[in-house]
Structures are given as C-alpha cells and as structure tokens.
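Those sequence lines, one after another, are chains A and B.
Okay, so the first sequence: first residue is 1 according to our numbering, each after it adds one.
Okay, so the second sequence: first residue is 92 according to our numbering, each after it adds one.
Mixed in with the good hints, there may be bad ones.
List of simulated lysine-lysine pairs, DSS-like, C-alpha gap at most 30 Å [claimed, not checked]:
1) B:K204 / B:K179
2) A:K27 / B:K176
3) B:K204 / B:K181
4) B:K204 / B:K122
5) B:K122 / B:K176
6) B:K195 / B:K217
7) B:K181 / B:K195
8) A:K27 / B:K179
9) A:K27 / B:K122
Read the hints as simulated data drawn from the structure, not as lab findings.
In this text, all values refer to a predicted model and were calculated from it rather than measured experimentally.
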Amino acid sequence: MEYIEYLLYLGYVLLIIGTIGAIVGPKSNDRFIRLLNTEVATFGVCFIFLAYDEALALMTLIAVNAILCLILVRAIILNAEYEEETDTKIK
Amino acid sequence: MENPVIYFYNPTILVGFAIGILSLFAIGSQKDDLHALILTDIVECAMLVIIAGVDTDLAEALILPGLVVSLAELLAVSEILINRKIIKSKKPKPKVYKLFEEFKLPIYTGDLKYNVHMEVLETSPKFFALVLIIYGAILSGFTGGAVIATGLLFYALSLRVRGLELSEELKTLWEGMAGLSGIAWGLWIIGFLEFFLFPKKWLLFLLMAGLGLVLKVGSKLGLIGFIGEAK
C-alpha cells in the first residue's frame, strides 16, 4: 500500500467517526459538541481531497469552513440567548 | 469474480453514500431546527466526497461552486432561524441589526475599564487587505477572486470587530464593483468563446477570461461584507 492510500483511509475513518459522533455521540444534544463533531468529519474530507490531488478544492474548503464555523457559532449563541428570554417570560 | 458493488463503485463514493444516508436519517428524526442545520453540514461533506470520488478536473471545478453555494445556503437558513427566534420571544428587534457584531473585541465594547490603544489593530488590517487584493489581482482567475474576496471580507470584519463603520466612499466603491459583475461576466464568456474560435491569440483571451473571473468572484464574495452594512 502506498503512502497516499493510508491518507485516504485515514480520511474515510475520520469522516465516519465524525458522522457517527455527530449523530449518536456522547452529549450530542449540546449544539457546540455536535458542531465540533462535524469538524472532525470535515477534516476527513480534507484528507480525501488531499489524496485525490485536488489542491484548489482543498484550499477553498478550508477557507469556506472557517467562515461557516463563524456563522454556525453565531447562530448557536443568538439562539441560546433568545431561548433563555422566552423561558423566563413563561415563568 | 469480484463483488459487483465494489466493481461498480469506488470506495470513496460508497463512503459518501453511507454518510449521506445516515445523516439524512438523523435529520429526519431531529426535532430541533438548529441541530438539523448543523447536521446539514455533514450532508454537504457527503456530497463533496461523492464528487471528489469521480477524480477528474471537472469534479474539482464542480466542488468549488458547491462550496460557495453551501456557504450562502447555511448563512441564509441560520438568519431565518435566528429571526424566527426573535419573533417568538415577543421582544422588539434589538437596535440596528448587524452581521457578526457578536465578535466585537472587549476593548471596544466598553467592558474593559482601561483605555488601551493598540496601534496594530488599526494599521495591520489595512495592510493585510491591501496585500491580499494585490496578490489576488496578480493571480487572476477563480483563485485570485477568492483571495481578493478574502481581503475585502477581512477588512470589513476587522472594522466590525473594532466597532467602526465602513466609510461612505468605500461603500460606493464596493457597490460599483458589484455593478461591474455583469461586464466581468461578459468578458469571461467572450474570452472563453474566442479561445476556441481564434486559437492563435490565446494569450489575450486567456487574460480576458481570467480578468472577468477575478472581478466576478471577488465582487460576489465581497458582497457578504457589504450586506452586513446595509440597514
């Protein structure tokens, strides 16, 4: 087996572990933990891109993922803020 | 004889399908909207892996717009979810609504008691943005456009983090650049067509197509920074 094939299989493993972690992983009811698990899966995609020699797609994926993380963290923060307010109003 | 499933499908594509189906089931059984949104990220991963498994240059060219579209999609859906939460909480919308205002530094929100003046926060974003824009213009093509857009976005976000407004002149310039998008598209298409019609003048048409693409991608992605300023 060649060196690049190990990277490819590492990519598969990371992708599958990240997905299972995000779906049924421990404490996956917490949104942040679910988000971090999806990052593991994205890392697997990075390795697969590397193995298939898609440098441009790899660079764009890393850049887009950084912005995506900002957007999702922002959504989680604001959601939690407003959820708290509605809870206190009901009480 | 080999297993027909492995004969017909590359393992990468099989892994992609498995993950896509798993995460779609997970979305189906999910009640919370935001959890479903986060799981959509994994469906996107599966999509990218399936395309990457084709392993040609065309596949790479299909991945790039897929990434940008998924970014825009997730941004739009997250905005809708947040707005719905705001309406549900029966509280008037908090002041003027701005993108990425949550990431403001403590020096500028007034949480910090001391009056700290950091020169590096004022000068370095301009420098970085300028370097990225010049480098992107030299690169040209899709990569150049992405680099230019990164520079523009970086500048807009750095202003937001410091609690400042984009100046009026810059906004006008930005809007003008977005307006150039149509001309850039024409340049790209013409350059690409003439490339086949007059192969002898390939360099001119290659530069034309590259210039069109750089303006197009740069202005499109840079718009994210501009929209944040709109009221």
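- Tell me, which hint numbers fail for this structure? Result: hints 1, 3, 4 break, sorted rising.
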